[in-house]
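Throw the hints in and build the complete structure from the sequences for me.
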Amino acid sequence: MDDGMQLLDELSMIYTTCVMFYATFSHQRSVKGSTLIFAIAVFIAGFITAYYVYIKDPLFHQNAFALLTAIVFFRNLYGMEVSLRPSRQAKRRAEFGRREANDTKEQASIDQRDLEILKTMYQMIPVGLGSIALGFLIWNLDNAFCPTLRRWRREVGLPWGILLEGHGWWHIFTGIAQYFNLTWSIWLRYCFDGEQDQVELVWPSLVTSMPLVERRDKHHSGLRRKKTV
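To convert, note that position 11 of the sequence shown is 11 in full-length UniProt numbering; the numbers rise steadily by one, no gaps.
A couple of the hints might just be wrong.
Claimed, not checked - Here are the simulated lysine to aspartate or glutamate pairs, DMTMM-like style, with alpha carbons at most 20 Å apart:
#1 Lys119 with Glu81
#2 Lys105 with Asp197
#3 Lys119 with Asp197
#4 Lys119 with Glu195
#5 Lys56 with Asp142
#6 Lys56 with Glu10
#7 Lys105 with Glu116
#8 Lys119 with Glu214
To be verified - Label pairs and their in silico Cβ distance ranges:
#9 Phe47 with Phe74: 15 to 25 Å
#10 Gly175 with Arg150: 38 to 48 Å
#11 Gly168 with Leu212: 17 to 27 Å
#12 Gly175 with Pro204: 17 to 27 Å
Worth flagging that the hints you see were computed from the coordinates, not collected in a lab.
Computed from a predicted model, the values in this text were never measured in an experiment.
From the three backbone atoms N, C-alpha and C, an ideal C-beta is built for every residue, glycine too.
Listed below in structure tokens is the structure:
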């Protein structure tokens, strides 16, 4: 891959993560606050682009991508715990002197719902993290042993030689990771807005299927699929 195409291929990952950065940090903010977050995201994308084009060092790109991804991930993780963990909710209500709006039985039902959501989210997170970690490992191995892998691909030939395309596997696994991240973020957005009951996560199998956030009324008129939250 020539330098121009490689830059285009790799910088798209930065831009996608900057979009996630904006979506994560601008939620429930004022127009002024959202505009500021947008300006920060554009600045980050512009700075990384300019500096990467100047130095053309893949290590800088990897570190920038990893840092941005970590910032978005830990912000969402914090928001998830604060918004859904019943013990944290009770503490916040006590700190702000809020009276319980629901009776004990109803509150227990709400807490159980949120705990089930947390449980499923914590099942999603390792899949996403594991996918991106595996992709990152393959990408670095591909860079480190590129001449050897290229020779093996030529010896094996098509179609099986394509399985030794480490850069292709990197895109597959990061694509899976980003899908889980986006799905998690969409579900979190409903939870942040207190609309957990309007949607559910459909995930028939942890291994052979991908999770999908759907409105609950879609399932009320037909056969419910296995493992919904």
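For the range 38 to 48 Å, tell me whether the beta carbons of Gly175 and Arg150 fit it or not. 23 Å, violated
Lys105 and Glu116 were given as a pair; does the straight-line alpha-carbon distance stay at or below 20 Å? 17 Å, holds
Assessment of proposed distance window 17 to 27 Å (beta carbons of Gly168, Leu212): For Gly168 and Leu212 the Cβ distance comes to about 25 Å; the hint holds.
Between Lys119 and Glu81, does the CA-CA distance stay at or below 20 Å? Holds, because 11 Å separates the two Cα atoms, which is no more than 20 Å.
Straight-line alpha-carbon gap Lys56 to Glu10, limit 20 Å: 11 Å, holds
Phe74 and Phe47 - C-beta distance against the hinted 15 to 25 Å: 21 Å, holds
I want to verify a distance hint. Is the separation of the beta carbons of Gly175 and Pro204 within 17 to 27 Å? Given range 17 to 27 Å: holds, Cβ gap about 20 Å.
With a cut-off of 20 Å on the C-alpha distance, tell me whether Lys119 and Glu214 pass. 18 Å, holds
Would the hint linking Lys119 and Asp197 be met if the CA-CA limit is 20 Å? 16 Å, holds
Is Lys56 close enough to Asp142, meaning Cα to Cα at most 20 Å? The hint holds at about 18 Å.
Given the hinted pair Lys119 and Glu195, is their alpha-carbon gap at most 20 Å? With a Cα-Cα distance of about 18 Å, the restraint between Lys119 and Glu195 holds, given a limit of 20 Å.
Agreement of Lys105 and Asp197 with the hint, judged by alpha carbon distance not exceeding 20 Å: 17 Å, holds
Going down the numbered hints, you'll see the structure goes against just number 10.
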